[in-house]
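Number of protein chains: 2
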Amino acid sequence: MNTPSVPELTPPLRLLLGPGPSPVHPRVLRAMSTPLLGHLDPKFLEIMSEVQAQLRAVFRTQNAFTIAVSGTGSAGMEAALVNVVEPGDTVVVAAAGAFGNRMVEIAGRAGGRVVKLEVPWGETCDLGRIEDALRKEGKVKAVAVVHAETSTGAHQPLEGLGKLCHQHGALLVVDTVTSLGGVPLEVDAWEIDACYSGTQKCLSCPPGLAPLTLSQRALDAVKARKTKVQSWYLDASLVADYWAENKRVYHHTAPISMVYALREALRIVLEEGLEARWTRHRRHSAALMAGLAAIGATPQAQEGRRLPTLNCVRVPAGVEDATVRRSLLEDHSIEIGGGLGPLAGKVWRIGLMGEGSRQENVLAVLAALEQALAKQGKGPRPGAAVSAALEVYARG
Amino acid sequence: MNTPSVPELTPPLRLLLGPGPSPVHPRVLRAMSTPLLGHLDPKFLEIMSEVQAQLRAVFRTQNAFTIAVSGTGSAGMEAALVNVVEPGDTVVVAAAGAFGNRMVEIAGRAGGRVVKLEVPWGETCDLGRIEDALRKEGKVKAVAVVHAETSTGAHQPLEGLGKLCHQHGALLVVDTVTSLGGVPLEVDAWEIDACYSGTQKCLSCPPGLAPLTLSQRALDAVKARKTKVQSWYLDASLVADYWAENKRVYHHTAPISMVYALREALRIVLEEGLEARWTRHRRHSAALMAGLAAIGATPQAQEGRRLPTLNCVRVPAGVEDATVRRSLLEDHSIEIGGGLGPLAGKVWRIGLMGEGSRQENVLAVLAALEQALAKQGKGPRPGAAVSAALEVYARG
Chain A
1 MNTPSVPELT
11 PPLRLLLGPG
21 PSPVHPRVLR
31 AMSTPLLGHL
41 DPKFLEIMSE
51 VQAQLRAVFR
61 TQNAFTIAVS
71 GTGSAGMEAA
81 LVNVVEPGDT
91 VVVAAAGAFG
101 NRMVEIAGRA
111 GGRVVKLEVP
121 WGETCDLGRI
131 EDALRKEGKV
141 KAVAVVHAET
151 STGAHQPLEG
161 LGKLCHQHGA
171 LLVVDTVTSL
181 GGVPLEVDAW
191 EIDACYSGTQ
201 KCLSCPPGLA
211 PLTLSQRALD
221 AVKARKTKVQ
231 SWYLDASLVA
241 DYWAENKRVY
251 HHTAPISMVY
261 ALREALRIVL
271 EEGLEARWTR
281 HRRHSAALMA
291 GLAAIGATPQ
301 AQEGRRLPTL
311 NCVRVPAGVE
321 DATVRRSLLE
331 DHSIEIGGGL
341 GPLAGKVWRI
351 GLMGEGSRQE
361 NVLAVLAALE
371 QALAKQGKGP
381 RPGAAVSAAL
391 EVYARG
Chain B
397 MNTPSVPELT
407 PPLRLLLGPG
417 PSPVHPRVLR
427 AMSTPLLGHL
437 DPKFLEIMSE
447 VQAQLRAVFR
457 TQNAFTIAVS
467 GTGSAGMEAA
477 LVNVVEPGDT
487 VVVAAAGAFG
497 NRMVEIAGRA
507 GGRVVKLEVP
517 WGETCDLGRI
527 EDALRKEGKV
537 KAVAVVHAET
547 STGAHQPLEG
557 LGKLCHQHGA
567 LLVVDTVTSL
577 GGVPLEVDAW
587 EIDACYSGTQ
597 KCLSCPPGLA
607 PLTLSQRALD
617 AVKARKTKVQ
627 SWYLDASLVA
637 DYWAENKRVY
647 HHTAPISMVY
657 ALREALRIVL
667 EEGLEARWTR
677 HRRHSAALMA
687 GLAAIGATPQ
697 AQEGRRLPTL
707 NCVRVPAGVE
717 DATVRRSLLE
727 DHSIEIGGGL
737 GPLAGKVWRI
747 GLMGEGSRQE
757 NVLAVLAALE
767 QALAKQGKGP
777 RPGAAVSAAL
787 EVYARG
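Going down the list, the sequences are from chains A and B. Mind the numbering: the first sequence is residues 1 to 396 in this note's numbering, read in order. Mind the numbering: the second sequence is residues 397 to 792 in this note's numbering, read in order.
Just chain A, with the same shape it has in the complex (with noise of 0.2 Å):
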């Protein structure tokens, strides 16, 4: 057995501009460098209450179940399933994308009975389509969408789902791995039931947590259940009790740094504020589409229903994906994300999240695209889509 030469940690330094990580603030860095509290400390157990207060008013709920789940969205995802979710309960996922068809997965290994609602990549739901699958499927325990589809850039609408659901009995579960902190999201007001997010897009905290809040509804459906949690790591019964300021019942050990730069992520969240960070992300994302737009790629989503945290685009014709991802990476140190299943070598996804939407940021990505671009001999003039992305700013 030999031991392994490993040198000093030095990696590049790059500009995250992918679907995620985002870029995360030297003061998340730094919290994260904090020495370590125990998980039981009445300290640590301070910060957790701050966190789920914080968290609290990022979702915009009231919800006692508000925590952050020891591991990364995904983690999130089948967390919010596994607990909803019995054997043999029926479930209806809008599929709108590689999210969307990831919960259809977790939900069918919890055991649910899957309608699945197809729907082409780059659009959205409609709600009639929802409810003709309430009103035909029977009892349906819960209707799950994605908010933010990270894999094509579309935007669901939420806005009067959660009533639709509730008014046939369903629980409504939302994704908002790619949306919250970066785009309206109101879970009390909207009636979301099981809300889900990840760390590392618009809160630009590195993964590692899931942001999860369940309301009563759904804390009652868990109650009720008649089949265990499949899993114990993710039973919402048990970490309650961790989580909970009356008990604090050791349930596993918190991922305690994790716990420290979410805090400073979530306080330079609530410093900015929601309603300023949310135009932030519209108008940084106005301008990276103008610029884009310049160079020949078209929004994958449809019209209307673009998100502007992640900025899916079709890759003009003729242009080598791989070519331009390699070089953007090792000519100007930036990562962009390419396309996932379908849209693989098709899409580029240019992710302005958190601390990634910034002005310079989308400069310095579309700048690099002209050359990489006309490296293959393709591409507008040089500027040309610095700037059509400069025109929008200039309107304000």
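Any given hint could be a false lead.
Footprint (simulated), chain B over chain A, 3 or more residues, beta carbon under 8 Å [said to hold, decoys possible]: (1) 120–130; (2) 348–359.
Label-pair distances were calculated between CB atoms; the ranges are [to be verified]: (3) B:N398 <-> A:R358: 24 to 34 Å; (4) B:S401 <-> A:P11: 30 to 40 Å; (5) B:P408 <-> A:G396: 26 to 36 Å; (6) B:K624 <-> A:S49: 36 to 46 Å; (7) A:E360 <-> B:T719: 48 to 58 Å; (8) A:P184 <-> B:N398: 47 to 57 Å; (9) B:D637 <-> A:K346: 18 to 28 Å; (10) A:L13 <-> B:R525: 51 to 61 Å; (11) A:P42 <-> B:N642: 46 to 56 Å; (12) A:R358 <-> B:E404: 19 to 29 Å; (13) A:R358 <-> B:K624: 18 to 28 Å; (14) B:S633 <-> A:S237: 26 to 36 Å.
Source of the hints: derived by calculation from the structure; they are not laboratory data. Remember, it's a predicted structure, so these values are computed and weren't measured experimentally. Note that CB positions come from ideal geometry on N, CA and C, so glycine has one too.
Guided by the hints, dock chain B onto chain A, whose structure is given.
Coordinates of chain B only, in the frame set by chain A:
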């Protein structure tokens, strides 16, 4: 919806001598504040390969499947069990404390028919009992044991157990959360099929990842499953495709900063060398236990089966457990652990793990205990416990 007022993060500095997290080396804290790469960045994939090589070295294995699960130690337990156990499979679990019981619970939720070998808390399981179960219970899919039972301080012998399991066609699953990097462990030589740990114990890394290694035998069992693994997040086949050097298929976003931390923590472990580390843990535990004997605190675990990493002793007669632990925390900023389950209020669990296993910490906690007991009118003359420890050090 009020914006919560959350001040700057200024937790007190603690000496962490509980059951984990253990003290983290400043190099590891610094690694965590390194700006992030994307989880599919070629440079991050190199870092993953390095961490895999490091984990193979500390696990003493050549297993290709050697990774860090994106969750804390309990996620490692769940990953090991839900991949190996299919509904209806018989699983023999040696349950000698809280973590053996947790294995029973998780194997049961995975649909296993669990044969629980109940062992008094503080004792270990005779291999003869496991052999009897293997003979009597028909086809056994897996035997699960805890190498280092964190709730009792007992050290389960493992030599010969792997061979025994394999003679009966069963897999061996071992929890090494509180042993990896602190006491001898030989995954390949001892024929362990699924072995998981946590990062926040003897590796002295913050909590948030669970090292996991699976033998070819275990992987073959996963491949031969008739049913899907109930957890998508922890499905070894999917996770393997992300970690495999020739694949790197996106599964979920890895907790980048935690991987950085683990890499640095493992560098420190391997710089010291495993044998030197095991010796160091034995040495400081011997000194601590001598000091604890001088204050009347006797070991919970049976003679010859005591962990040097987690020193579990009975609270001396007439001493108020909670008052002493509060005094340690408030007057000395030292964390030690209390008892779990049937041992609540009855034992102290003093971890000397990784960076925590140092002479200055042994002296600090013994002096603090002497003083806390003196406040209750108990304990020996000032310096008696510290002197007893120093006598052990003097013997070399």
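For each hint, the structure was consulted:
1. 120–130: Per the Cβ count (0), the hint is violated.
2. 348–359: n = 0 at 8 Å, threshold three: violated.
3. B:N398 <-> A:R358: 24 to 34 Å: At 28 Å between Cβs, range holds.
4. B:S401 <-> A:P11: 30 to 40 Å: holds, 36 Å
5. B:P408 <-> A:G396: 26 to 36 Å: With Cβ atoms ~48 Å apart, the hint is violated.
6. B:K624 <-> A:S49: 36 to 46 Å: Given range 36 to 46 Å: holds, Cβ gap about 38 Å.
7. A:E360 <-> B:T719: 48 to 58 Å: holds, 57 Å
8. A:P184 <-> B:N398: 47 to 57 Å: violated, 18 Å
9. B:D637 <-> A:K346: 18 to 28 Å: holds, 22 Å
10. A:L13 <-> B:R525: 51 to 61 Å: holds, 56 Å
11. A:P42 <-> B:N642: 46 to 56 Å: holds, 49 Å
12. A:R358 <-> B:E404: 19 to 29 Å: The hint (19 to 29 Å, Cβ to Cβ) holds, given that A:R358 and B:E404 are roughly 24 Å apart.
13. A:R358 <-> B:K624: 18 to 28 Å: Since the Cβ atoms of A:R358 and B:K624 sit about 43 Å apart, the hinted range of 18 to 28 Å is violated.
14. B:S633 <-> A:S237: 26 to 36 Å: holds, 29 Å
Against the hints set out earlier in the document, violations occur for numbers 1, 2, 5, 8 and 13.
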